[in-house]
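Protein chains in written order, with this note's numbering: chain A, 1 to 325; chain B, 1001 to 1300; chain C, 2001 to 2241.
Hints should not be assumed to be uniformly reliable.
[Claimed, not checked] With a straight-line Cα cutoff of 20 Å, these simulated SDA-like cross-link-like pairs (lysine to any residue) come out:
1. 2081/C x 1199/B
2. 1173/B x 2140/C
3. 2081/C x 1187/B
4. 1100/B x 295/A
5. 1173/B x 2021/C
6. 1173/B x 2118/C
7. 1173/B x 2139/C
8. 2081/C x 1188/B
9. 1100/B x 2059/C
10. 1100/B x 2226/C
11. 1100/B x 2077/C
12. 1092/B x 286/A
13. 1092/B x 295/A
14. 1100/B x 297/A
15. 2226/C x 2034/C
16. 1100/B x 113/A
17. 2054/C x 1188/B
18. 1100/B x 112/A
19. 208/A x 101/A
20. 1100/B x 2116/C
21. 9/A x 19/A
22. 1173/B x 2226/C
23. 1173/B x 2138/C
24. 1013/B x 1148/B
25. 208/A x 180/A
26. 1173/B x 2116/C
27. 2054/C x 1187/B
28. 1100/B x 294/A
29. 2081/C x 1176/B
30. 2081/C x 1202/B
31. 1100/B x 180/A
Simulated from the structure, these hints should not be mistaken for lab results. Predicted, not measured: the structure shown is a model, and the values here were computed from it.
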Amino acid sequence: MANWLTWKKIAITLALIFIALYPFLHGDTYIMHIFILFFIWAVVASNWNLLMGYAGIFSLGNIGFLAVGGYVSGILTKSFGWSPWLCIFLGGLGSMFLVTLFIGLPALRLSGIYIALLSLIFADTLPTVLTQTRSITGGAMGLHDIPPLFEGITRFQSYYINFALFLVMLTIIYRTIRSSTGLAFVALRDARDLAKALGVSEYKEKLKVFALVSFLTGITGGFYVHYLGDISPTTLAIEPFLLTIAMMEMGGIGRFPGAVLGAVIIVFGNEFLRLAGTLRLALLGALICAIILFFPGGLMQLIDWIDGRIAKFKKNRTSSVENPE
Amino acid sequence: MGADKGLGRWEIKDLINALISGLISGSLYAAMALGLTIIYGVIHVFNFGHGIVAVLGGYFAWLFMTEVGLGLIPSILIALVIMFFFGWLLFKATINPLLKSPNWEFSTIIFLLGLGILLENLTLQAFGPRVKHIPPFFEGSLNLGFVWINWHEISLIAIVIGFVILLNLFLRKTWFGQAMRAVAQDMDGARIVGININQTFGHAFALATAVTGFSGILLATKYYMTPNIGWNWMVKGFVIVVLGGLGSATGAVYAAFIMGLAEAVVTLYAGSLWVWPSWFVMFVIILLLRPQGLLGGRTL
Amino acid sequence: MNGQGDHGPVLTIKDLDSYYAELQILRQLSLDLGEGEVVALFGPNGHGKSTLLKAVAGIHPPKSGTIKYRGREISRLPSEKIVEMGVAYIPEARNLFPEMTVEENLRLGAYNRRARRNLEENLTWVFSLFPRLEERKDQVASTLSGGESRMLAVGRGLMSGASLLLIDEPSIGLSPLMKRVVFEAVGQIKSETDVSILIVEQEVDYPLKLADRVYLLKKGRILFEKPAGEVTKAEIEKAYF
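One chain only, chain A, in its complex shape (with noise of 0.2 Å):
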């Protein structure tokens, strides 16, 4: 049995040779864009998972993360003239400092409710101090004329550039997932007092996810920031709040990499989501509340169920073929 190329296999191996020709093959700036978009957002989302699904931090501020990493990247560009490649690293340490200090440190002793409201107050928050502090972050209006991450930059070339980005935090996030950290979790999930009796620091391990996670995402704040060019306190707003949740469920949460999936079809979907005006964020709350109830799993939940439909027609085949009725 060639087992090692399984249909999923080969369905990654596709699209990501699909995505890496597209420029060539279409190109289509517009497209391209959207690509960018779902690099970027897909990363988020899968930070948001790993946090979440994994390390089951109730964290709902990761958005909090992507803005205080894409200002800090923004404001430095803007006020010294620094290489946005400096910054964005700057950004994701000031994301990483500013979050670990207000919301890890606090609140992840306790129970995780505590960290779901501390983190979404604290993503509340953001804005009004960013409409107040308009001399250094715009205010309401926010940033502008970002530089980008080199002169004459082309949508050609960010496109690759954020390929790259996500290939390279996919990775991480998969290295992360299989790493002893990774295996902490899976144990403290499972046999709990087991693992705390092996020595396993539920604590130390969950601050080093948290100072990961929002590590990367702040960076990942940066390259989107510096290849919008800008940035205000509507990326704060409910609405990419409830974007990103929505692909980490449809994706099918604490699982890899079901947020991608999940992003996929969000951002490629949230084109349709435009038409329908008003009642978007309507919309996007039925989606969130109908999967939760009738499809918790998401996507991967569906994939699990094609596996065991194929795990089943083959042992179907091979015992029919050793006992022949």
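Place chains B and C on chain A using the hints.
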């Protein structure tokens, strides 16, 4: 207000006004936090749709008053009844099944978030974005020498006090209420004495929805009402119940007054724009110093 | 077997299998209880005694087998219905309502509709059984001592007007004095009423004196069943190993 921002010149009069204002908003917050506490205490679920429920209560009351032309009190009563049944139905249809799934803590929160947005948007479609008011209960004010206070505001405090007493009586003197307390204090014990846990959950949810709707009506008479104002109220409610101690009704009431007063003082000295961040800072401080809140560990 | 009254035995359990996840606790267990009988169930810890009581009470339903209470099949009924029918479970953990007073706890014991009618009567009777509780009736339950909270748990169970009491290790963790008080109360219940009692215990002396019949449960099965007069403490303790 005319006062300078920051440590500007202050007068006793301004301070007293601020404190009175803080007391009033504190009492309104108390009414609102009670709804959250009931649901958390009995069902151990955090109602992330709390804000829109409060707003809906206000809108229903407004609807009956303006479109249907009923008086103030009948409108309020009908709105409360509607909210009660709405809460009951919502619980049976959606939350109850979710509670049985393995990830229920997580699922219920996400579901209620999504539902909150859905309802908020629908309310926006139905009622439009313009600010609505519910008229105050009384006109005119009382002169206490150097400060003025509206009769309406006095009535609000009285209503909230009366309401808290009523709720307390209900919880302690009726079988329904005692069942809720029992489930909140020891679920297994409640099962043993023959209480139907799921049914009690449903009652608690329905009651909390009506209570929250009522608080929304009260808030709408003092402030204004738009579909999205619920979110702010809700977040404040969250901070209050944590400060009071999750699950403790008395704690929530104390915390509500504390935060109401604190908010008024911050508004006086730093300006209303720093109120929101100050709630966040308060929250962080509480979590760092005393996460179980004032009366944490106690229940209904 | 014995215990056949006009309406058949109060409790008939046949071939009960019960699991916790994949682990089988009770294996084809059968047991019965007649009107007004006191039956003691002995056995080592962790072999299924509590699981059996929980199955009857509807708190941890069995995988297969039947449980009949006065002829009615109850193994799939929800716990509140079983309480309504007259079965009271008094767990080892007591599960009292910590912030309610002794009296409030007792009154809640009469939550089911049938018991509400006789609430005041039952309350007076429980206070007569446990005068200590009456002294402390306005005291909050979390401040009671070990023995007092055990008394309250039993008293609360009695408030339900049950005709079948399932008592799980009432004397565990109590001082010798308190143990005597609790078992004397059980003895009073036996002599003053026709309530049937299934009592699970580690401690052998008192229950053996009170019981009409004795079962020994080991590894999820009934090892033997004998009238209390025909078995000695030594025999029972030997069977533990």
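Could you work out which of the previously given hints the structure breaks and list their numbers from low to high?
5, 10, 20, 22, 31
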